[in-house]
Amino acid sequence: MSKKQKHATAYWKENIKYLAILLSIWFGVSYGAGILLKDELNEIKVGGFKLGFWFAQQGSIYVFVILIFVYVRLMNKLDKKYGFNE
Amino acid sequence: MSVQTWTYLLVGITFALYIGIAIWSRAGSTKDFYVAGGGVSPLANGMATAADWMSAASFISMAGIISFAGYDGSVYLMGWTGGYVLLALLLAPYLRKFGKFTVPDFIGDRYYSKTARIVAVICALIVSFTYVAGQMRGVGVVFSRFLEVDINTGVIIGMVIVLFYAVLGGMKGITYTQVAQFCVLIFAFMVPAIFISIQMTGNPIPQLGMGSKLNDGSGMFLLDKLNGLSTELGFAEYTDGKKSTIDIFMITLALMVGTAGLPHVIVRFFTVKRVKDARKSAGFALLLIAILYTAAPAVAVFARTNMIHTVSNQEYAKMPEWFKNWETTGLLNFDDKNGDGKIQYVADRSKNELIVDPDIMVLANPEIANLPAWVIALVAAGGLAAALSTAAGLLLVISASVSHDLIKKIFVPNISEKGELWTARGAATVAVVIAGYFGINPPGFVAAVVALAFGLAAASFFPAIILGIFYKKMNKEGAIAGMIVGISLMLFYMLKFKFGIFDGGKEAVASLEKDWWFGISPEGFGSVAMLVNFIVSIAIMKFTPEPPINVQEIVEDIRIPSGAGTAINH
Numbered sequence: 045m046s047k048k049q050k051h052a053t054a055y056w057k058e059n060i061k062y063l064a065i066l067l068s069i070w071f072g073v074s075y076g077a078g079i080l081l082k083d084e085l086n087e088i089k090v091g092g093f094k095l096g097f098w099f100a101q102q103g104s105i106y107v108f109v110i111l112i113f114v115y116v117r118l119m120n121k122l123d124k125k126y127g128f129n130e
Numbered sequence: 090m091s092v093q094t095w096t097y098l099l100v101g102i103t104f105a106l107y108i109g110i111a112i113w114s115r116a117g118s119t120k121d122f123y124v125a126g127g128g129v130s131p132l133a134n135g136m137a138t139a140a141d142w143m144s145a146a147s148f149i150s151m152a153g154i155i156s157f158a159g160y161d162g163s164v165y166l167m168g169w170t171g172g173y174v175l176l177a178l179l180l181a182p183y184l185r186k187f188g189k190f191t192v193p194d195f196i197g198d199r200y201y202s203k204t205a206r207i208v209a210v211i212c213a214l215i216v217s218f219t220y221v222a223g224q225m226r227g228v229g230v231v232f233s234r235f236l237e238v239d240i241n242t243g244v245i246i247g248m249v250i251v252l253f254y255a256v257l258g259g260m261k262g263i264t265y266t267q268v269a270q271f272c273v274l275i276f277a278f279m280v281p282a283i284f285i286s287i288q289m290t291g292n293p294i295p296q297l298g299m300g301s302k303l304n305d306g307s308g309m310f311l312l313d314k315l316n317g318l319s320t321e322l323g324f325a326e327y328t329d330g331k332k333s334t335i336d337i338f339m340i341t342l343a344l345m346v347g348t349a350g351l352p353h354v355i356v357r358f359f360t361v362k363r364v365k366d367a368r369k370s371a372g373f374a375l376l377l378i379a380i381l382y383t384a385a386p387a388v389a390v391f392a393r394t395n396m397i398h399t400v401s402n403q404e405y406a407k408m409p410e411w412f413k414n415w416e417t418t419g420l421l422n423f424d425d426k427n428g429d430g431k432i433q434y435v436a437d438r439s440k441n442e443l444i445v446d447p448d449i450m451v452l453a454n455p456e457i458a459n460l461p462a463w464v465i466a467l468v469a470a471g472g473l474a475a476a477l478s479t480a481a482g483l484l485l486v487i488s489a490s491v492s493h494d495l496i497k498k499i500f501v502p503n504i505s506e507k508g509e510l511w512t513a514r515g516a517a518t519v520a521v522v523i524a525g526y527f528g529i530n531p532p533g534f535v536a537a538v539v540a541l542a543f544g545l546a547a548a549s550f551f552p553a554i555i556l557g558i559f560y561k562k563m564n565k566e567g568a569i570a571g572m573i574v575g576i577s578l579m580l581f582y583m584l585k586f587k588f589g590i591f592d593g594g595k596e597a598v599a600s601l602e603k604d605w606w607f608g609i610s611p612e613g614f615g616s617v618a619m620l621v622n623f624i625v626s627i628a629i630m631k632f633t634p635e636p637p638i639n640v641q642e643i644v645e646d647i648r649i650p651s652g653a654g655t656a657i658n659h
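As you go down the protein sequences, you meet chains A and B in turn. With the first letter of the first sequence counted as 1, position 27 gets the number 71 in this note's numbering; the numbers rise by one all the way through. With the first letter of the second sequence counted as 1, position 477 gets the number 566 in this note's numbering; the numbers rise by one all the way through.
This is chain A alone, in the form it adopts within the complex:
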């Protein structure tokens, strides 16, 4: 295996790890907090919001935005680490 191929394999492996972590959070805030655990979380109130309702209509969207920018940062670093940046 050439050096470039080795780099490519290692790069892909780390990429998949990032994806797994970020997508678990993605699932957690929307399907978890906003849907499956909605009734439990609605017992908690933050200001005028019931928490489950807040996650479904506001919170999950904020987290989605943050997730993408975190991904962009992580990947830019990863590109550099393996010399795939340009």
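Everything labelled a hint here was simulated from the structure, so no lab data went into it. Computed from a predicted model, the values in this text were never measured in an experiment. Glycine included, every Cβ here is placed at the ideal spot set by N, Cα and C. Be careful, since some hints might not be right.
Straight-line distance between alpha carbons at most 25 Å, and here's what the computed DSS-like set of lysine-lysine pairs gives [claimed, not checked]: (1) B:Lys-186 / A:Lys-47; (2) B:Lys-426 / A:Lys-57; (3) B:Lys-302 / A:Lys-89; (4) A:Lys-121 / A:Lys-57; (5) A:Lys-48 / B:Lys-561; (6) A:Lys-50 / A:Lys-125; (7) A:Lys-125 / B:Lys-362; (8) A:Lys-61 / A:Lys-50; (9) B:Lys-331 / B:Lys-203; (10) B:Lys-426 / B:Lys-407; (11) B:Lys-595 / B:Lys-331; (12) A:Lys-121 / B:Lys-426; (13) A:Lys-50 / B:Lys-561; (14) B:Lys-186 / A:Lys-125; (15) B:Lys-440 / B:Lys-407; (16) B:Lys-440 / B:Lys-332; (17) A:Lys-89 / B:Lys-332; (18) B:Lys-362 / A:Lys-124; (19) B:Lys-362 / A:Lys-48; (20) B:Lys-562 / A:Lys-57; (21) B:Lys-562 / A:Lys-48; (22) A:Lys-50 / B:Lys-186; (23) B:Lys-585 / B:Lys-331; (24) A:Lys-50 / A:Lys-89; (25) B:Lys-186 / A:Lys-61; (26) B:Lys-186 / A:Lys-124.
Rough simulated footprint, nothing fancy, chain B against chain A, three-plus residues with beta-carbon under 8 Å [said to hold, decoys possible]: (27) 71-81; (28) 91-97.
Mind docking chain B on chain A? Use the hints.
Chain B in isolation, oriented as in the chain A frame:
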């Protein structure tokens, strides 16, 4: 100045702006026409993507639907934003690296098969046409209410404008017009939201105002107040909803995955320079979309509360001007069943006297709240910007599918660059005319078909693209079988449960609800069809030959971000 003068003024200025941009940025080559030359900056592309994505449905309909559905409306909020996470993490960077012009291009090349390409073209055309018809209708509604022209005339004016800049400018013209349209539509959505938020809660940020206390001295939280009003009138609690948890789950999933599989959204990521830019521009797009999507539920709450206050148990004769205006459009209906001259707005259908079309909530909201005339006019200009930008993006997908994927790649492979450019323009023209026809003669089930479009995208494209990137051994037999089975299953379920064609037509639909598989509505069934697509693809793959070595090498190559610049020339 009156509302109408303001509307003519603002709509006139914005239209002149769009046409000016189109002339300035017209396309000179097919690369300009399909992917704007491939050199759009991430921020501009993010704005264009946001305008492309936020259609008349997002701008005009969504907040209205939420204000009637309460918690159940969350499926649209999460579904239509969460899809961008999938897009940014799983699709955009790799498709950009692959570096072709269209989604069928990817499917056709990755699965080394003309059949796969044709299946993809058909899916892209169905999805895009259903969408675009709805947009033209949205244009018609805005024109008819605010400029007091006939809906059909409104549709034709809209057609001419879109035709002008889509045909002339292609993707390049569309991209820069959409940047302008984004600014118009977001300003138009936020200004009334901020005004009303201050009016009702004293908080200038609508996203926070929604969770604040009312301004009327009662010290009550707005949402508690609305929950109280809703139950009083016999509706479900606003923060609770009526749909089952599994159905909410499945609809959200279908909308998310459908979003990530929509060809007019995916194609936007072909227009940036590097893989890095594709990721970043997905982030910008969602950030900009989120401004409207987090404000919409607030607008929904404000509008619902205001509306109940204005109409519930009030004298019909004392209704304000806007009430009468919307009555003449037929989107608001009052029927004094008990003859007491007052409006009873309640959940019980036999006693309810007021029928409100959800589509008018956003447009009427500033009027209900007594905002100045220019704000009302601004909303009209914003609604037009939202509808036109999406229509243009969809038309481009249609014209590229025809001229590039069908004519160049299948029927006339040696067509000249110039010939292809003119074919693309011709295809765009034909598409506008067909879309306009559906806008004037809507098939009566536009909303139902739009839901179908998401289900179809989820059931067909999404698995084929994901497997194409993340599963090197996926072959053409598996992918084609998966797409065909997925789409057919989705079509069958929609036809059976949405249109009732196997059980005696539309009337039977309501009684079929108890037969839904696992209690999943047709809107959410795209998720199931998608899973079936994945399973079929992988099962068939196990029994058929591996893809050729060169295709496996392509897959290795798209996983590495560097070197995308050269891939676009082909």
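Structure-based check of all given hints:
| no. | hint | in the structure |
| --- | --- | --- |
| 1 | B:Lys-186 / A:Lys-47 | holds (21 Å) |
| 2 | B:Lys-426 / A:Lys-57 | violated (67 Å) |
| 3 | B:Lys-302 / A:Lys-89 | holds (13 Å) |
| 4 | A:Lys-121 / A:Lys-57 | holds (15 Å) |
| 5 | A:Lys-48 / B:Lys-561 | holds (18 Å) |
| 6 | A:Lys-50 / A:Lys-125 | holds (13 Å) |
| 7 | A:Lys-125 / B:Lys-362 | holds (21 Å) |
| 8 | A:Lys-61 / A:Lys-50 | holds (17 Å) |
| 9 | B:Lys-331 / B:Lys-203 | violated (46 Å) |
| 10 | B:Lys-426 / B:Lys-407 | holds (18 Å) |
| 11 | B:Lys-595 / B:Lys-331 | holds (23 Å) |
| 12 | A:Lys-121 / B:Lys-426 | violated (67 Å) |
| 13 | A:Lys-50 / B:Lys-561 | holds (17 Å) |
| 14 | B:Lys-186 / A:Lys-125 | holds (19 Å) |
| 15 | B:Lys-440 / B:Lys-407 | holds (21 Å) |
| 16 | B:Lys-440 / B:Lys-332 | holds (23 Å) |
| 17 | A:Lys-89 / B:Lys-332 | holds (22 Å) |
| 18 | B:Lys-362 / A:Lys-124 | holds (18 Å) |
| 19 | B:Lys-362 / A:Lys-48 | holds (23 Å) |
| 20 | B:Lys-562 / A:Lys-57 | holds (17 Å) |
| 21 | B:Lys-562 / A:Lys-48 | holds (21 Å) |
| 22 | A:Lys-50 / B:Lys-186 | holds (20 Å) |
| 23 | B:Lys-585 / B:Lys-331 | holds (23 Å) |
| 24 | A:Lys-50 / A:Lys-89 | violated (51 Å) |
| 25 | B:Lys-186 / A:Lys-61 | holds (20 Å) |
| 26 | B:Lys-186 / A:Lys-124 | holds (17 Å) |
| 27 | 71-81 | holds (count 5) |
| 28 | 91-97 | holds (count 5) |
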